[in-house]
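If you want the building blocks of each chain, they are given just below.
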Amino acid sequence: MQSSALPLSTAASLAAPRSTGWLVPLAVAVALAFAPLVLETYYQELVVKIMIYAIFALSLELLAGTTGLVSLGHAAFFGIGAYATALAAPQYEAGSPLLLLALSMLAAAGYALLVGALSLRTKEVYFIMVTLAFAQMAYFVFHDTPIGGGSDGMYLMLRPVLKLGDAVLVDFEKPRHLYFVALVLLALCYAFLALVLRSRFGHALAGIRINEQRMRAAGFQTYRYKLAAFVLAGALAGMAGFLYVAKNGVVNPELLSWHESGAVLMMIILGGLGSLRGAVIGAAAFVLLKEFYSSEALLGAAIAGRWQLTLGLTMIAFVAMLPKGLVGIGRRFTFNRKRA
Amino acid sequence: MDIPTFLVQCLNAIQYGLLLFLVASGLTLIFGIMGVINLAHGSFYMIGAYLAFLLAPLFGDHFITMLVAGMLLSAIFGFLLEWLFFSYLYQRDHLQQVLMTYALILVFEELRSILVGNEVHGVQAPAWLSGGVSLGGVMTYPTYNLFASGACLVVAGVLYWVVNRTRLGMMIRAGASNRDMTRGLGINIRLLYRAVFAGGVALAALAGMIAAPAASVYPGMGGGVLIMCFVVVVIGGIGSISGALIAALLVGFVDTFGKVFFAQLSGIGVYVLMAVILIWRPQGLRNKGF
Chain A
1 MQSSALPLST AASLAAPRST GWLVPLAVAV ALAFAPLVLE TYYQELVVKI
51 MIYAIFALSL ELLAGTTGLV SLGHAAFFGI GAYATALAAP QYEAGSPLLL
101 LALSMLAAAG YALLVGALSL RTKEVYFIMV TLAFAQMAYF VFHDTPIGGG
151 SDGMYLMLRP VLKLGDAVLV DFEKPRHLYF VALVLLALCY AFLALVLRSR
201 FGHALAGIRI NEQRMRAAGF QTYRYKLAAF VLAGALAGMA GFLYVAKNGV
251 VNPELLSWHE SGAVLMMIIL GGLGSLRGAV IGAAAFVLLK EFYSSEALLG
301 AAIAGRWQLT LGLTMIAFVA MLPKGLVGIG RRFTFNRKRA
Chain B
1 MDIPTFLVQC LNAIQYGLLL FLVASGLTLI FGIMGVINLA HGSFYMIGAY
51 LAFLLAPLFG DHFITMLVAG MLLSAIFGFL LEWLFFSYLY QRDHLQQVLM
101 TYALILVFEE LRSILVGNEV HGVQAPAWLS GGVSLGGVMT YPTYNLFASG
151 ACLVVAGVLY WVVNRTRLGM MIRAGASNRD MTRGLGINIR LLYRAVFAGG
201 VALAALAGMI AAPAASVYPG MGGGVLIMCF VVVVIGGIGS ISGALIAALL
251 VGFVDTFGKV FFAQLSGIGV YVLMAVILIW RPQGLRNKGF
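Protein sequences appear in the order of chains A and B.
When we follow my numbering, the leftmost residue of the first sequence carries the number 1, and every step to the right adds one.
When we follow my numbering, the leftmost residue of the second sequence carries the number 1, and every step to the right adds one.
Be aware that a few hints might be false.
Unchecked claim - If you want the footprint, here are the derived chain A segments under chain B, 3+ residues with CB under 8 Å: (1) 78–84; (2) 122–129; (3) 132–144; (4) 201–209; (5) 251–265.
As the list claims (entries may be wrong) - Now the stretches of chain B that chain A is said to cover, found in silico as 3 or more residues with beta-carbon under 8 Å: (6) 29–42; (7) 53–64; (8) 108–122.
What the hints assert, rightly or not - Here are some chain B residues pointing at chain A (derived, C-beta under 8 Å): (9) P142; (10) I277; (11) I279; (12) L285.
Hints are computed from structural coordinates only; laboratory data are not their basis.
Where is the CB? At the ideal position from N, CA and C, for every residue including glycine.
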């Protein structure tokens with residue numbers, strides 16, 4: 001797996017960030033903040049789902065797009081985050097969201113530290129497969145032992161509630177509260193990663209993707225940088241897992257399965273590797289396409305029942321026509337405009 | 001564990017390992033030579049199993065003829081698939097290929113559901129292979145399972161002969177070690193790729209056809225096999241056929257005896273094996289040569 005084949009333009013755009021680059025994400029965030037005023041409940045829930053997967057995809061983008069470490073086991077951290085919340089939440093009262101979020105991220109980061117420390121010894125395709133193996137191990141631990149309810153999974157009986165004294169600040173039971181929590185976490189995650197990419201640490205990660213040998217020669221202990229990126233990505237995936245269980249109230253081992261790891265990898269490839277907005281766009285496109293193709297109201301039962309076929313053919317068409325992912329469309333457009 | 005039970009478990013392990021080897025050898029060839037990470041390889045195994053389900057009533061007792069016919073059909077299918085989808089992607093990033101093969105899995109699963117439905121099917125073993133062989137007078141072992149292991153061994157032998165002793169094998173080995181030099185020597189590398197891909201598909205489908213009468217034929221059966229084959233390929237060393245054989249047998253034994261001794265956590269055993277081997281030898285057991 002030749003990671004240097006990733007677009008080098010990312011590195012260039014990192015070195016000299018366009019001063020207006022932050023405008024689009026900010027505009028999207030503001031639009032999303034006002035969206036609940038006009039959105040019906042169904043669409044509001046769909047947006048929450050997209051935001052959760054966007055955080056999940058962003059966490060993998062740091063690993064695969066920035067550092068060049070393609071992991072096919074990233075769902076393990078997502079699932080462990082979700083299970084940590086479900087297991088640690090008190091049974092007869094609502095848990096504290098801050099505590100549960102911290103626990104989810106810590107649990108995911110802890111497993112990421114273990115997996116990263118061992119799997120970063122390998123490279124390229126071997127790395128893909130070792131991360132897959134560790135994710136499968138976690139999958140079978142939850143699937144075959146009674147820790148988390150076995151293959152049936154378990155429920156989160158009461159959604160967390162953030163209280164200050166006796167006043168309820170955020171109640172996860174209410175869809176709108178959940179919506180804003182997801183939006184705030186997504187915005188924080190995006191802004192944090194944007195800052196990371198501009199920092200010395202982020203530049204080192206990009207350098208490792210392009211030429212690890214040279215980075216080592218320049219005196220960087222690349223193993224430590226890669227491990228830090230791995231743990232950070234794991235913690236952020238854990239955050240997405242926390243949101244998932246707070247939204248759905250149920251966890252099962254399928255959250256850790258390789259299908260889920262594959263899906264999130266597909267999201268960032270679909271969106272376009274090497275940019276944060278690509279990850280968000282890819283997550284939105286993947287969730288929306290799946291929702292659209294399996295919607296009986298829009299397409300009728302006959303076609304909606306065959307969503308795998310339509311989704312698969314669409315993805316093949318994307319591969320054929322958009323070698324740089326969905327963000328490539330925007331780039332092509334702006335390039336043309338500049339030339340004109 | 002008494003001796004006959006142990007013997008039966010050993011035979012099961014060998015049979016499972018050899019079937020995995022057939023699928024994994026195609027996967028490792030395709031990766032080693034074309035550099036394509038083919039997630040859809042498990043689907044070819046599934047397609048083979050369904051081919052057996054469809055062809056078995058037509059061929060009746062001519063089971064071996066059916067295997068050959070099925071292999072030919074799937075080789076043609078692989079040839080067309082490479083021509084239509086894969087041949088455009090060699091210049092692209094590896095991850096684009098991964099995305100496309102992932103999409104192909106979805107397409108194959110849905111086409112399977114449209115054509116044959118979602119029920120679990122069984123395939124009848126031919127009459128001359130039904131029945132059992134007695135082991136030490138206490139237990140019997142199904143004749144068909146012995147035939148399956150034997151057939152896999154024959155195919156493994158043929159594969160070894162083709163790769164190491166024929167002109168085609170020479171071209172395959174040359175293509176794997178230096179693509180551009182091979183092209184420079186006047187070998188039609190596009191045709192070679194197409195042939196290797198078709199061969200890999202035929203091997204996976206053959207494994208599916210052989211497995212069908214011993215197990216059942218069901219939707220999603222490709223997924224589990226795909227992951228196991230990746231484990232085999234990585235343990236054995238990517239691109240190495242002999243490595244794949246050793247790794248497949250190792251995985252077969254670990255999986256079978258894991259189920260016997262640690263029923264609760266049997267799923268983990270193979271992955272622990274893989275993690276340990278890769279931490280010990282990050283390039284797999286045999287990373288050089290076939």
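Each hint tested on the structure:
no. : hint    : result
1   : 78–84   : violated (count 0)
2   : 122–129 : holds (count 6)
3   : 132–144 : holds (count 10)
4   : 201–209 : violated (count 0)
5   : 251–265 : holds (count 4)
6   : 29–42   : holds (count 3)
7   : 53–64   : violated (count 0)
8   : 108–122 : holds (count 5)
9   : P142    : 28 Å, violated
10  : I277    : 10 Å, violated
11  : I279    : 6 Å, holds
12  : L285    : 12 Å, violated
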